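Trainee: One letter stands for each residue in the lines below.
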Amino acid sequence: NAGVTQTPKFQVLKTGQSMTLQCAQDMNHEYMSWYRQDPGMGLRLIHYSVGAGITDQGEVPNGYNVSRSTTEDFPLRLLSAAPSQTSVYFCASSSGTGVGYGYTFGSGTRLTVV
Amino acid sequence: GEDVEQSLFLSVREGDSSVINCTYTDSSSTYLYWYKQEPGAGLQLLTYIFSNMDMKQDQRLTVLLNKKDKHLSLRIADTQTGDSAIYFCAEREPNNNDMRFGAGTRLTVKP
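For the record, the sequence lines run as chains A and B. Just so you know, the first sequence maps onto residues 1 to 114 in my numbering. Just so you know, the second sequence maps onto residues 115 to 225 in my numbering.
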């Protein structure tokens, strides 16, 4: 059971380039989300999905797109990378909304935009 | 912005107790969580509590909840160097997927 798998672990992009951060989970979780983590700011929600075919914006969606064609995969696309998008990105999933249903996190993608 | 607030740093000596504090904003019923993030890794769920509880204990971890002040704390007994990490407090409303995180408290354990 791999849990939540994120690839790549590290990436350097030039300003203006586009790329896709991959996230896959094998737990049949309906809920998936993307966060970015910046020093002193905790985790900020970028986009989330409550099931295949359904996505919605979080707190900081600008510059990012998502899609959810399958339950397992939830890729995050950077359309035109900017230095302000330098961050660590985490994908998370959850199977329910009861109190015991915390999030399962991937190990993160560290992105640097130069 | 964050509705959940934590101090950013805590340093303790090995063997002492650590107390990490958090204030949250939500209402009468909420779910509260503590996550641990080790260097280079994702967040790992440590424990959780529902807002109708005052305390929850799990081995070396004790969670205390003061509902009146909306204050949550995580006590780690006999802190070890392996406990050095960033600890995140988070809250979520029942039947809602949206989890709000604090900025995280970096715990440093000195030998």
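Source of the hints: derived by calculation from the structure; they are not laboratory data. There's no promise every hint is true.
Reference excerpt, derived from the structure (chain B facing chain A, CB under 7 Å, subset only) [unchecked claim]: (1) G129; (2) L159; (3) G218; (4) L221.
Ranges of calculated distance between the beta carbons of each label pair, as one might list FRET restraints [stated by the list, open to error]: (5) B:S131 - A:M19: 42 to 48 Å; (6) A:T15 - B:S131: 30 to 36 Å; (7) B:P208 - A:P83: 36 to 42 Å; (8) A:A82 - B:L122: 33 to 39 Å; (9) A:S67 - B:F123: 34 to 40 Å; (10) A:T5 - B:D168: 26 to 32 Å; (11) A:E59 - B:D130: 42 to 48 Å; (12) B:A191 - A:S18: 46 to 52 Å.
For clarity, every value in this text was computed on a predicted model and none was experimentally measured. All C-beta atoms in this analysis are idealised placements derived from N, C-alpha and C, irrespective of residue type, glycine included.
Trainee: Between T5 (chain A) and D168 (chain B), is the Cβ distance one that fits in 26 to 32 Å?
Mentor: violated (38 Å)
Trainee: Taking the CB of P208 (chain B) and the CB of P83 (chain A), does the distance hold inside 36 to 42 Å?
Mentor: holds (39 Å)
Trainee: Take the shortest C-beta to C-beta distance between G218 (chain B) and chain A; is it under 7 Å?
Mentor: For G218 (chain B), the interface hint holds, since the closest Cβ of chain A sits about 6 Å away, which is under 7 Å.
Trainee: Is 42 to 48 Å right for how far apart the beta carbons of S131 (chain B) and M19 (chain A) are?
Mentor: holds (45 Å)
Trainee: Take the C-beta atom of A82 (chain A) and the C-beta atom of L122 (chain B), compute their distance, and say whether it sits inside 33 to 39 Å.
Mentor: violated (26 Å)
Trainee: Would the hint on G129 (chain B) stand, with a C-beta cut-off of 7 Å toward chain A?
Mentor: Constraint on G129 (chain B) not satisfied, violated at 29 Å.
Trainee: Can the suggested window of 30 to 36 Å be confirmed for the beta-carbon pair T15 (chain A) and S131 (chain B)?
Mentor: With a Cβ separation near 47 Å, T15 (chain A) and S131 (chain B) fall outside 30 to 36 Å, so the hint is violated.
Trainee: With a cut-off of 7 Å on the beta carbons, see whether L159 (chain B) makes it to chain A.
Mentor: The hint holds - L159 (chain B) has a Cβ within 7 Å of chain A, the shortest such distance being about 4 Å.
Trainee: Holds or violated: is there a CB of chain A closer than 7 Å to the CB of L221 (chain B)?
Mentor: violated (15 Å)
Trainee: Per the hint of 34 to 40 Å, is the separation of the Cβ atoms of S67 (chain A) and F123 (chain B) within bounds?
Mentor: About 39 Å separates the Cβ atoms of S67 (chain A) and F123 (chain B), which means 34 to 40 Å holds.
Trainee: Starting from the range 46 to 52 Å, see whether the pair A191 (chain B) and S18 (chain A) falls in it by beta-carbon distance.
Mentor: holds (49 Å)
Trainee: Quick check on a hinted range of 42 to 48 Å for E59 (chain A) and D130 (chain B), using CB atoms only.
Mentor: Taking Cβ atoms as reference, E59 (chain A) and D130 (chain B) lie about 36 Å apart, which means the hint is violated.
The earlier numbered hints that this structure contradicts are 1, 4, 6, 8, 10 and 11.
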